[in-house]
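Student: Sequence:
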Amino acid sequence: MNETSGATAQLFHNRTKYVYVDTGHEADNILMGAPPELGPAMGEQNPALEPFPFKRYTSLDSIPLPEAPLETRLPALEAISTLMGKPGDAAVIDVSMLGTLLLRTAGLLKEWTNPSGKTWHFRAAGCTGARYHLELYAVTGDLNGLSAGVYHYDPRDHSLRQLREGDYRGAAVEATGNLPAAAQAPVLFVCTSEFWRNAWRYQERAYRHTWWDLGTLAANLLALSASMELPAQALMGFADGQVNQLIGVDGEQEAALAVFAIGRTSASSPATTDPLAPLHYTVTPSSSRELAFPDIQRMHRASSLQSGEQAARWRSDPLRRSLPEPQGQLIDLAPMTPGELPNESVEEVIVRRRSNRNYAVDEPLPFESFSTVLAYGAAPAPADAIDPAATSLADLYLIVNNVEGLTPGKYLLHRDLNAIELLEAGDFRDGATSLACGQDYAGDAHVNVYLLADLVPILAHYGDRGYRLAQFEAALTGGRIQLAAHALHLGAVGSTSADDDVSAFFAPHAEGKSFMFVAVFGVRRKREP
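When you line the sequence shown up against this note's numbering, it's residues 225 to 753, in that order.
Take every hint as true, because none was put in to throw you off.
The calculated label-pair distances, taken between Cβ atoms and stated as ranges, are:
#: 1; residue 1: Gly563; residue 2: Thr615; range: 24 to 30 angstroms
#: 2; residue 1: Val245; residue 2: Gln477; range: 29 to 35 angstroms
#: 3; residue 1: Asn238; residue 2: Thr508; range: 35 to 41 angstroms
#: 4; residue 1: Leu554; residue 2: Thr508; range: 54 to 60 angstroms
#: 5; residue 1: Asn582; residue 2: Ser492; range: 46 to 52 angstroms
#: 6; residue 1: Gln477; residue 2: Asp381; range: 19 to 25 angstroms
#: 7; residue 1: Ala292; residue 2: Gly563; range: 26 to 32 angstroms
To be clear, the hints were calculated from the coordinates, so they are not data collected in a lab. All C-beta atoms, glycine included, are put in the ideal place defined by N, C-alpha and C.
Given only the sequences and the hints, what does the whole structure look like? Please build it.
Tutor: Here's what the structure looks like:
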């Protein structure tokens with residue numbers, strides 16, 4: 225299956241590792257790279273170049289979407305863990321459903337301007353450093369209330385801009401290698417990144433954040449689709465150039481990351497026979513100029529696929545791996561049953577969720593809540609190149625600080641056994657803080673969930689594109705864990721970490737594995753009056 229060696233991805237990963245050095249000066253605590261080639265982790269962050277966090281077409285009319293969101297049908301936790309959506313009458317999408325999916329996935333929930341005049345945007349899906357760099361496009365057939373076309377979603381006024389008129393789903397389906405889930409979908413979403421909007425702060429590591437933020441966004445989109453009983457799948461295998469051309473992006477400054485097949489129709493989408501005409505719409509630059517980060521483009525090019533046939537080969541034989549047999553104490557999880565789940569919808573959870581960095585350190589997290597977050601949040605990922613029956617590409621390591629009935633320590637989740645394995649007992653609050661580059665909330669939180677992957681077999685099997693897949697799958701799992709925690713009215717937040725310190729912390733079990741993502745959760749600390 226391997227189309228490329230994976231060497232570019234391994235080099236990129238090493239060059240974008242974080243190294244935490246407690247100097248006492250916060251700005252100098254985090255370095256990036258592999259010794260001896262270390263440099264500052266954070267970019268110049270020139271205020272005069274700070275990117276605008278929305279894409280703006282200047283010559284296209286807006287098409288307003290319905291403002292009233294739909295009431296979805298499943299309890300949030302059940303929607304979060306549903307693999308492909310439940311088949312039913314709602315498999316066909318109308319414009320109201322489309323609007324709800326967009327609003328609660330990439331929409332603007334509110335704005336706040338601080339006393340100095342800076343405006344902060346609160347979006348439905350969180351983003352590293354609030355550097356919102358992801359864009360959503362919809363490729364649709366004729367829907368009730370919307371004609372077939374290729375559209376860009378503008379969160380500023382919850383509207384669409386039409387880029388192409390007519391049914392172009394066939395072009396997207398061809399790019400996926402004619403995957404049946406794509407061919408039968410009434411709507412195909414394409415998510416892109418304008419890399420500079422994140423790299424302004426995080427430099428080359430922004431490419432990792434691309435997949436982290438995509439996973440957070442996908443957690444919302446897939447859960448919402450399941451709640452509407454719409455089959456949904458994330459497609460990581462597609463011909464990059466064809467999809468970029470379809471939506472009119474250059475593949476360098478802005479590039480397609482994933483295609484999402486949403487819904488199901490009885491007939492396959494029509495084939496596209498005519499060549500795609502180039503799009504030349506005027507877009508307002510996000511900054512007066514951009515700084516160059518060639519490693520991002522080099523990594524993205526190396527992991528690109530050239531044709532639908534290559535995409536079909538790439539996904540045809542998913543990597544199947546399993547965890548070794550447990551060697552330590554095994555503790556069965558005791559999650560809520562479907563009949564015991566809170567009735568709150570995933571929409572309601574998305575609207576009220578906020579990144580939480582304040583935890584009630586002395587109040588134990590109930591074991592049932594702990595079990596429920598893991599059982600529902602760590603469900604298999606609905607992605608085209610992942611075998612849902614196999615162990616995920618990333619293993620879930622836990623730092624348990626304060627869970628009712630559990631010895632504090634390091635644990636490993638065995639998803640197939642619905643159990644956790646105690647690797648080492650001990651108080652590791654200080655270690656959790658250090659791994660999170662000195663951020664106190666990681667030590668305060670009740671649980672830290674680290675997702676670590678052995679990149680060697682992944683890149684050997686999937687090539688450089690396997691790096692995208694591994695980062696995305698880990699981030700999707702982390703995003704679902706955070707959603708599941710919020711569904712139980714707990715606090716949760718993603719974080720960053722010092723890469724090699726994480727692997728060493730969970731050694732010898734995690735020897736050779738790489739840090740992919742981390743999410744922390746626990747009982748929120750009530751604010752003082």
